[in-house]
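Listed here are the chains, written in short residue letters.
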Amino acid sequence: MVETVFAPWEDPNASPLISFKNVTKRFGSFVAIDDLTLDIYEQEFFALLGPSGCGKTTMMRMLAGFENPSEGSMSLSGQDIAGIPPNKRAVNMMFQSYALFPHLSVWENIAFGLRRDGVAKDVLSARVDEMLKLTRLEKFARRKPHQISGGQRQRVALARSLAKAPKLLLLDEPLGALDKKLRQDTQFELMDIQEKTGTTFVIVTHDQEEAMTVASRVAVMDEGRIVQVATPQKIYEAPDSIYVADFIGDVNILTGPVKATGDDTYSVDYGGEAPVIATSERSFSDGQIGHLAIRPEKIAIHSDRPAAPNAVQGKVLDIAYLGNLSTYYVELPNGKIIKAQTANTRRISRRAFTWEDPVWVSWSATAGVLLDQ
Amino acid sequence: MPYFWLLALFLIPFLIVFKISLSDAALAIPPYMPTMKEGLGAMLSQLDFENFVFLTEDDLYWKAYLSSLKIAFISTVFALLVGYPIAYAMARAPTEWRATLMMLIILPFWTSFLIRVYAWVGILSTEGLLNRFLLWIGIIGDPLIILNTSTAVYIGIVYTYVPFMILPIYAALERLDESLIEAAEDLGCSRMKAFWLITIPLSKGGIIAGCFLVFIPALGEFVIPSLLGGSGTLMIGKVLFEEFFSNRDWPVASAVAVILLIILIIPIILFQRNEQRQQEAEQ
Numbered sequence: 001m002v003e004t005v006f007a008p009w010e011d012p013n014a015s016p017l018i019s020f021k022n023v024t025k026r027f028g029s030f031v032a033i034d035d036l037t038l039d040i041y042e043q044e045f046f047a048l049l050g051p052s053g054c055g056k057t058t059m060m061r062m063l064a065g066f067e068n069p070s071e072g073s074m075s076l077s078g079q080d081i082a083g084i085p086p087n088k089r090a091v092n093m094m095f096q097s098y099a100l101f102p103h104l105s106v107w108e109n110i111a112f113g114l115r116r117d118g119v120a121k122d123v124l125s126a127r128v129d130e131m132l133k134l135t136r137l138e139k140f141a142r143r144k145p146h147q148i149s150g151g152q153r154q155r156v157a158l159a160r161s162l163a164k165a166p167k168l169l170l171l172d173e174p175l176g177a178l179d180k181k182l183r184q185d186t187q188f189e190l191m192d193i194q195e196k197t198g199t200t201f202v203i204v205t206h207d208q209e210e211a212m213t214v215a216s217r218v219a220v221m222d223e224g225r226i227v228q229v230a231t232p233q234k235i236y237e238a239p240d241s242i243y244v245a246d247f248i249g250d251v252n253i254l255t256g257p258v259k260a261t262g263d264d265t266y267s268v269d270y271g272g273e274a275p276v277i278a279t280s281e282r283s284f285s286d287g288q289i290g291h292l293a294i295r296p297e298k299i300a301i302h303s304d305r306p307a308a309p310n311a312v313q314g315k316v317l318d319i320a321y322l323g324n325l326s327t328y329y330v331e332l333p334n335g336k337i338i339k340a341q342t343a344n345t346r347r348i349s350r351r352a353f354t355w356e357d358p359v360w361v362s363w364s365a366t367a368g369v370l371l372d373q
Numbered sequence: 001m002p003y004f005w006l007l008a009l010f011l012i013p014f015l016i017v018f019k020i021s022l023s024d025a026a027l028a029i030p031p032y033m034p035t036m037k038e039g040l041g042a043m044l045s046q047l048d049f050e051n052f053v054f055l056t057e058d059d060l061y062w063k064a065y066l067s068s069l070k071i072a073f074i075s076t077v078f079a080l081l082v083g084y085p086i087a088y089a090m091a092r093a094p095t096e097w098r099a100t101l102m103m104l105i106i107l108p109f110w111t112s113f114l115i116r117v118y119a120w121v122g123i124l125s126t127e128g129l130l131n132r133f134l135l136w137i138g139i140i141g142d143p144l145i146i147l148n149t150s151t152a153v154y155i156g157i158v159y160t161y162v163p164f165m166i167l168p169i170y171a172a173l174e175r176l177d178e179s180l181i182e183a184a185e186d187l188g189c190s191r192m193k194a195f196w197l198i199t200i201p202l203s204k205g206g207i208i209a210g211c212f213l214v215f216i217p218a219l220g221e222f223v224i225p226s227l228l229g230g231s232g233t234l235m236i237g238k239v240l241f242e243e244f245f246s247n248r249d250w251p252v253a254s255a256v257a258v259i260l261l262i263i264l265i266i267p268i269i270l271f272q273r274n275e276q277r278q279q280e281a282e283q
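Just so you know, the sequences run in chain order A and B. Heads up, the first sequence stops at 373 in the numbering used here, and the numbers go up one at a time, no gaps. Heads up, the second sequence stops at 283 in the numbering used here, and the numbers go up one at a time, no gaps.
If you're looking for bench data, these hints aren't it; they were derived computationally from the structure. Do not take every clue at face value.
What the hints assert, rightly or not - Listed next, the in silico SDA-like pairs over lysine to any residue satisfying Cα-Cα at most 25 Å (straight line): (1) Lys121/A x Trp196/B; (2) Lys196/A x Ile242/A; (3) Lys88/A x Ile181/B; (4) Lys88/A x Lys204/B; (5) Lys193/B x Arg116/A; (6) Lys193/B x Glu108/A; (7) Lys204/B x Pro232/A; (8) Lys204/B x Lys196/A.
Unchecked claim - Partial selection, computed: residues in chain A whose CB lies under 8 Å from chain B: (9) Ala64; (10) Ser70; (11) Asn87; (12) Ala90; (13) Phe353; (14) Trp355.
The structure displayed is predicted, hence computed values, not measured ones. Where is the CB? At the ideal position from N, CA and C, for every residue including glycine.
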């Protein structure tokens with residue numbers, strides 16, 4: 001069976017649903033969005049990820065129509081939407097605070113948008129019931145928002161924003177107010193609903209795990225700029241800058257002058273006893289400063305010298321036991337600390353290494369990504 | 001304890017007034033009879049509803065009640081029309097400004113109510129500030145006659161009681177989450193429609209409280225109609241004052257007061273019952 005991979009961004013003929021072209025947004029002298037160009041395609045689940053104040057919420061508010069770009073153009077299915085007020089856009093938003101109308105019942109909240117469009121009575125009630133079913137809220141239709149739980153409120157907000165079948169649904173930190181367990185369940189629910197309805201979702205979050213779980217593509221933002229847009233896997237395994245590598249997950253960075261040792265193979269002199277070897281698709285000139293980013297789980301820890309392309313000796317400085325994983329902080333002779341992670345696959349096993357133990361850490365030549373910035 | 005104060009400050013005075021309203025006027029001190037001097041039983045046996053019957057016979061009284069209700073009602077509507085936008089603007093003002101604006105609303109209370117009403121005489125009279133200003137800019141050729149008309153009474157009442165309208169509405173609007181308005185717009189409302197469908201219903205509690213706080217004192221108002229309204233304005237507060245101090249007919253004055261109280265209590269009870277029913281329906 002051939003599975004077609006959903007990747008419209010790789011298809012040069014696909015026309016984007018949303019397109020930002022050189023969009024800049026200023027608030028006074030503060031630049032919230034800085035010359036941003038981005039395409040989002042139909043049926044995508046697109047995540048805007050970044051620390052607070054990086055401009056992700058401003059981007060979302062521009063899509064919803066609450067803010068207008070200071071410069072550049074924004075289009076929705078080929079139509080310029082700058083200046084179109086929020087009530088005239090085929091875009092709906094799920095607010096971070098949910099913004100449910102406290103004086104209306106769950107049913108009336110969901111029907112609110114449809115009523116504004118003057119939808120016929122029977123069509124309206126059929127649509128509301130459909131939304132209630134989709135979000136499993138049938139039992140709570142007559143309740144007021146203050147009479148239901150946080151998770152249920154979140155689902156009402158989702159149902160309300162989906163009721164008008166928008167071309168684009170914006171989700172502003174949709175799971176921020178839920179506790180961790182509920183958040184994980186809800187993430188899958190969101191993905192399910194997105195798939196069922198075929199709506200394009202744009203989600204704003206500062207939780208990288210959430211972005212990685214739900215999104216088809218993730219845009220990592222920093223100070224009003226998009227640093228990298230790629231699939232979660234690419235963002236994690238092939239970040240194109242130290243910022244992205246460091247923002248998503250844990251990483252070791254070894255920095256030093258690079259020297260070519262073969263086709264696509266380089267050595268990095270990070271200041272240890274011997275330079276480390278890494279392959280890279282990105283080409284470097286001799287003597288250029290490179291940063292080798294290696295994820296801790298790709299670094300193995302041994303008591304004797306292993307036969308690996310990269311092996312460095314050090315001593316265990318600290319151990320972080322996380323239950324499923326243990327992270328060892330290994331100090332190299334030059335003072336550099338390397339994080340190595342091992343899965344705790346056996347339940348009751350004597351820990352092989354303890355504090356101050358001399359150990360070897362090793363990784364393959366392909367384990368890391370060599371970055372130039 | 002709270003019931004004690006209610007008893008001491010409300011119920012006992014009311015019972016005394018009610019008793020006087022059932023008595024007869026007399027040239028004595030106090031100017032009514034019977035009193036407790038004759039013993040409780042003898043006193044109770046002499047009480048009757050004569051004064052209440054008298055109130056229904058003379059059309060001055062029910063006309064005064066109706067006129068008071070009308071003036072209080074119209075004043076309340078105007079106070080709402082003036083007060084709501086002010087409260088709305090205050091609630092939307094930057095946070096650091098709100099305390100100052102609140103101060104400005106409360107500031108007039110620091111001067112005597114009587115002086116403030118007298119100040120309006122200076123503003124509204126034929127040679128007053130308002131007329132001189134309007135004549136100076138040439139909008140009018142002859143001075144307007146405002147003082148000693150019901151217009152002056154409306155101006156006075158709205159001016160005096162508008163803070164009582166503003167404060168509860170402001171309290172309700174300040175709690176209103178701005179994102180609710182944005183959500184309404186996002187779901188297809190224009191700004192105006194969002195105001196009607198979200199802001200107004202969610203400030204309903206403040207509006208009702210404000211209306212009661214203006215309507216109730218306006219209904220029994222005495223100072224404003226007697227200073228600004230002249231002889232043409234009939235209000236029950238003025239009638240009551242004249243019965244009490246000019247005619248020295250305490251029993252009739254008390255009967256007027258008891259009926260005024262009943263007029264005020266009925267809408268309050270209805271309102272409370274409605275609230276209760278709504279709360280029960282929600283649970």
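Run the structure past the numbered hints and jot down the numbers of the failing ones, going up.
-> 2, 4, 7, 8, 10, 12, 13 and 14
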